[in-house]
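Assemble chain B onto chain A, guided by the hints.
There are 2 protein chains.
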Amino acid sequence: MERTKFTLDETEIPTHWYNVQADLPKPLPPVLHPGTGNPVTPDDLAPLFPMELIKQEVSTERWIEIPEEVRDVYQLWRPTTLFRAHRLEKALDTPAKIFYKYEGTSPPGSHKPNTAVAQAYYNKQEGIKRISTETGAGQWGSALSFGGACFGVEITVYMVRISYDQKPYRRIMMEVWGAKCVPSPSEDTKAGRDMLAKWPDCPGSLGLAISEAVEDCMSRDDTHYALGSVLNHVLLHQTVNGLEAKKLMEKADAYPDIIVGCIGGGSNFAGLFLPFVKDKIDGTRPDLRIINVEPMSAPSITKGPYAYDFGDVAGLTPLIKMYTLGHSFIPPPIHAGGLRYHGMAPIICHLHQLGLVEARAEHQLATFEAGITFARTEGIISAPEPCHNIKVAIDEALKCRESGESKTILIAHSGHGHVDMAAYDAYLSGKLQDYEYPEDKVKEALAELPKVG
Amino acid sequence: MERTKFTLDETEIPTHWYNVQADLPKPLPPVLHPGTGNPVTPDDLAPLFPMELIKQEVSTERWIEIPEEVRDVYQLWRPTTLFRAHRLEKALDTPAKIFYKYEGTSPPGSHKPNTAVAQAYYNKQEGIKRISTETGAGQWGSALSFGGACFGVEITVYMVRISYDQKPYRRIMMEVWGAKCVPSPSEDTKAGRDMLAKWPDCPGSLGLAISEAVEDCMSRDDTHYALGSVLNHVLLHQTVNGLEAKKLMEKADAYPDIIVGCIGGGSNFAGLFLPFVKDKIDGTRPDLRIINVEPMSAPSITKGPYAYDFGDVAGLTPLIKMYTLGHSFIPPPIHAGGLRYHGMAPIICHLHQLGLVEARAEHQLATFEAGITFARTEGIISAPEPCHNIKVAIDEALKCRESGESKTILIAHSGHGHVDMAAYDAYLSGKLQDYEYPEDKVKEALAELPKVG
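Chains as they are written, first to last, in my numbering: chain A, 1130 to 1582; chain B, 1130 to 1582.
Honestly, I wouldn't trust all of these hints.
Note: identical chains are not told apart, hence a pair may lie in one copy or across any two.
Okay, derived cross-link-like pairs now, DSS-like style, lysine-lysine, Cα gap no bigger than 27 Å in a straight line [as the list claims (entries may be wrong)]:
#: 1; residue 1: K1309; residue 2: K1560
#: 2; residue 1: K1258; residue 2: K1219
#: 3; residue 1: K1309; residue 2: K1219
#: 4; residue 1: K1432; residue 2: K1376
#: 5; residue 1: K1253; residue 2: K1219
#: 6; residue 1: K1409; residue 2: K1309
#: 7; residue 1: K1580; residue 2: K1226
#: 8; residue 1: K1319; residue 2: K1432
#: 9; residue 1: K1184; residue 2: K1327
#: 10; residue 1: K1327; residue 2: K1226
#: 11; residue 1: K1327; residue 2: K1407
#: 12; residue 1: K1580; residue 2: K1258
Honestly, the hints are just simulated from the structure, not real lab data.
So here's chain A without its partners, still in its complex pose (with noise of 0.2 Å):
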């Protein structure tokens, strides 16, 4: 029997996610305060995040151990299992070595709860009583309502309308978990009614949905915000999982030369990665390349400035350092709706311009066209934002049926795709298209960068 197989025991879950920040090269460039200009404190951060969360986004420690309620709850889920992908290989014909790190077994079906159940956990303790978050897809937005629902933490949801209105069965698992979900832009807000106002039809962002989340958050007292990608402290939850690949891959008695995986916020992709770029930054793996998939409908790395941004699109953020399309891009509605943000998480933009890191955008229609090869051949039907990476991962081994060579490939595969179906539907029935790069559309975004320094 072939060994398909991968895993690590329920005692073997990490104690500690690892935190990149103490092996920089180089330190992060600081978040600044968009009124000042200067560097925010963790007092300007305070109405929004628990102050732990605030100090792990700064922190440079090293391991930062995960507390035993959250290890509790990661129980039900993880470890996830490492699997070797012999019929895809034998399909593609390749001499690569293509393995997946599967997070599609969670409870909501996605690699957020990482995340969710550690943010859920953090404002319990400090008393909060209900968090204001926003979502794309509706994987992030389910994943913290399950969250709340482990740590009684009330969660209301602004779910980004046109994965509303394409995805209903992730606004029913909110509510199965005891969540409010309401579309965005929405009237509940006045950055959802300015919107509106302009632009009754408005698809809405992922960028807007934070401003309708952060202004709800803003104007109570009893609540926080949470995001489910994009910062520090979101990136360092998720390296629970490059943790456990890291122990599997040698226990698969394999090293990989190429990693990929889909970048929307980038918290997925850099969970997994994070402990292997150490290896590259202290020189013991030098030749290791690591390629984030964009969208071409959001390519912020392969197509915007490196420069400071809001993280949404009224400008209530910090000002971030990152990849930006602009933070008034409403990206063309793709199915892959985790993908769609204008921004990227300032630990890969910082990676990425330390050459640590590469990137690569790819149209809609060739990624359902891999994922149907990896249902057709591995079984599990993914979402449509891994599909990214699947195809990127078919190209890299047929590159090797090319060359001859035996690489090994190792995809962060975040989710299943059982609440996509409709996205697979259009492309089996070829209503599904691809939609150009929107230049025209980034350049008005980026004509509107706010002046910093």
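Leaving out everything else, chain B in the frame of chain A:
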């Protein structure tokens, strides 16, 4: 940290299925040929099934080896996890210990591929190119589509119309795996056309879809038929789950006082309990209670006579001795489509006759209420089918709260409800209804039982 999770490693997938026919105190009544009234022979069944499955159907060998190719695919999700439901226990304030064995991490999200993969394999081995089958909620159809993709066998699925309409996602999953899905009743078969002539809006039933799939198979030389439940070989394949559960309960240092599972055709629950019922048959565990949970809309064991009947509506299958509501009975359209069947697995019926298992029927609304409680404590959003056993497990745990007893309850959890969110939406928005037990319709259907002997 409380121990919540019990796992086996990938090398511990059972190597053999357990065949309860080796241990039955009395043999099963024979399956009869509807024309002659004599026991069916292997030759009678050869047009439908591969010879290996026909042998398994009547075998009295205790252990039947799982082919390596099947175990190879099992690795994609097996062994599955046993969870201790600490959070649910706490919410119920019960001294009961509640465990659940969870089958929702398979590619289609249910227990069904345990047999689908095996059936696709044996058909492939015997040179069969195409398999026709039926599906209720779509769990079986999608599982067989996955199995077909694994071994390169073409699959056509007749899907009960009400589920085809309520659950389009399952149909799309089948198509993603390369299968063809037809709503039943259809114009493609005589059985379908006859029904449509009588009742153009017929919501369909599992019994009718079986008629269509059998007719499809009989009309083509390259095609076999596959059944996702009821038959002995299907229950046999599902015992891989119960064998794992037994090892895992040992790991948890526990043995169940009560095992609960929902039954439509009965294969998921039997797969879990058969390795335990052995202990009851041989007297090791005389007090073990095994509770089969039916929907009030199709309560075959609790309301039906134990009699010879057809497995399908049109009367194409052999005659099976089972509890039945009459093969022409079409159950009300509850969301637990997998439980809408007029009959029951002969093995479960026989064990019920022998006093080794019991049965109970539940209404739809109460099962969704239990499902919500489970989701908000244990995280997992359950398919409507296992909500039935969760309801009974909660009832039994609450009895323990009254009596102060600390019983151990094991739930057979057949899968997640990510594709059933419309049902939860209906429940949460107050649009879901209960259906009275349709006594008159059952009477009518029972009047049409075939005369035997």
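Against the structure, the hints come out as follows:
Taking identical chains as interchangeable, the C-alpha atoms of K1309 and K1560 lie at most 27 Å apart only when they sit on different chains, with a minimum of 19 Å there against 32 Å within one chain. Only between protomers do K1258 and K1219 lie at most 27 Å apart by alpha-carbon distance; the minimum there is 21 Å, versus 52 Å within a single protomer. In this homomeric assembly, K1309 and K1219 come within 27 Å of each other (Cα to Cα) only across copies, at 25 Å, whereas the closest approach inside a single copy is 46 Å. In this homomeric assembly, K1432 and K1376 never come within 27 Å of each other (Cα to Cα): the closest approach is 35 Å inside a single copy and 54 Å across copies.
Taking the shortest alpha-carbon separations for K1253 and K1219, only the inter-copy value of 18 Å comes in at or below 27 Å, while the best intra-copy value is 49 Å. Within a single copy, K1409 and K1309 get their C-alpha atoms no closer than 43 Å, and across copies no closer than 48 Å, so neither meets the 27 Å cut-off. For the identical chains of this complex, K1580 and K1226 are neighbours neither inside a copy (47 Å) nor across copies (61 Å), given an alpha-carbon limit of 27 Å. Within a single copy, K1319 and K1432 get their C-alpha atoms no closer than 31 Å, and across copies no closer than 59 Å, so neither meets the 27 Å cut-off.
Taking the shortest Cα distances, K1184 and K1327 never come within 27 Å of each other, neither inside one copy (39 Å) nor across copies (70 Å). Neither within a single protomer nor between protomers do K1327 and K1226 lie at most 27 Å apart by alpha-carbon distance, with minima of 51 Å and 57 Å respectively. Within a single copy, K1327 and K1407 get their C-alpha atoms no closer than 46 Å, and across copies no closer than 70 Å, so neither meets the 27 Å cut-off. For the identical chains of this complex, K1580 and K1258 are neighbours neither inside a copy (37 Å) nor across copies (66 Å), given an alpha-carbon limit of 27 Å.
The structure shown violates the earlier hints numbered 4, 6, 7, 8, 9, 10, 11, 12.
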